[in-house]
Amino acid sequence: MTRKKQKVKIVLVIVELLILAILAVVLYGVSKLNRIDRPGSDMMNQVEVNDDIEQEVLEVTEGFKTIALFGLDNRSNGNLSSGNSDVIIIATINNETQEVKMCSVYRDTYLDTGGGKFRKCNAAFAKGGPQAAITMLNKNLDLNVSDYVTVDFNAVVECIDLLGGVELTITDEEAHYMIGYVKELNELTGNTSEVPEIGGTYVLDGVQATAYARIRYTAGNDYKRAERQRTVIAKMVEKVQQSDLKTLNSMINVMFDDIETSFSNKDLITLAAKIFEYELSGSAGFPFTKKEVKLGSKGLVVAPDTLESNVAELHRFLYNNEEYVPSSTVKANSMKIESDVEE
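Residue numbers (numbering that gives the first Met the number 0): 0 to 342.
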């Protein structure tokens with residue numbers, strides 16, 4: 000098995016947006032943009048949105064750039080266009096203030112994954128790639144997303160190393176659970192990273208930071224894991240914005256072969272123009288209010304309580320929209336989820 004195909008669960012996804020933009024700033028690296036994988040235009044033209052969204056809602060979202068970011072558990076096939084998306088993050092950039100917000104969508108969230116089939120939302124990517132996954136987000140959350148980024152796992156580990164690591168504070172319990180993850184990551188990446196013996200504040204390398212972000216067995220389970228992902232991302236962003244051109248160019252060479260995105264070269268250069276103005280101003284997890292429910296063969300799911308109220312909170316968080324009115328599609332999906340959970 001080649002290193003390219005040795006994938007582990009991707010746990011750091013949003014950082015590629017910022018890195019890609021910085022890459023375009025380095026003018027002598029622009030030619031390398033053509034190495035990035037991109038989907039066919041026909042596929043992305045199939046992305047659907049709710050046709051019953053209030054016009055006022057659409058007008059608010061037009062003031063933001065919204066991007067879907069996916070991480071896949073594809074350690075066996077090396078394919079960035081299919082597989083369960085174990086990491087799903089919605090990122091918004093305020094076009095006026097350049098504030099960036101990110102919201103993890105928990106992978107087990109019970110939503111319509113297409114054609115009225117309700118199940119864990121991470122199945123949408125496996126069913127139809129980014130087009131199906133973006134449609135799932137749009138239809139359930141009243142979004143109007145058309146752009147996405149998927150990043151290869153190895154690139155993330157290497158980028159953290161190129162940045163000189165990230166400083167994180169870990170607990171004794173987290174240090175314990177990092178052991179197995181670090182061992183697996185070392186085997187897959189050829190590194191020899193060690194595990195901190197006890198909790199404390201450390202500068203973690205790529206393997207260690209990724210191991211930290213994969214932990215899901217402490218209190219909070221997958222919810223806490225998503226929070227760890229966003230913490231590592233924030234630390235990476237800080238280091239990226241402090242990096243010199245030599246480091247950024249090294250990241251160009253690392254990242255380009257391991258990314259799939261809908262962004263054109265022009266899009267990336269446009270993002271690059273304001274990269275050092277970006278500020279991470281908030282992170283959260285969706286659904287905000289939830290309950291875990293066992294639904295037969297569908298397993299243990301995370302049910303929004305309710306979808307309608309959670310989507311309203313999402314629009315307040317991502318778009319500062321206090322006047323959001325949910326579409327009839329979101330209301331119907333909300334009623335369906337409540338009915339299934341109560342049975």
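Keep in mind that the hints were calculated from the coordinates and are not lab data.
Hints are supplied without guarantee of correctness; some may be wrong.
Said to hold, decoys possible - Only pairs whose alpha carbons sit at most 27 angstroms apart, straight line, appear in this in silico DSS-like list of lysine-lysine: (1) Lys293 x Lys100; (2) Lys297 x Lys335; (3) Lys238 x Lys116; (4) Lys119 x Lys290.
**Hints violated by the structure (listed by number, smallest first)** = Hints 1, 3 contradicted; others consistent.
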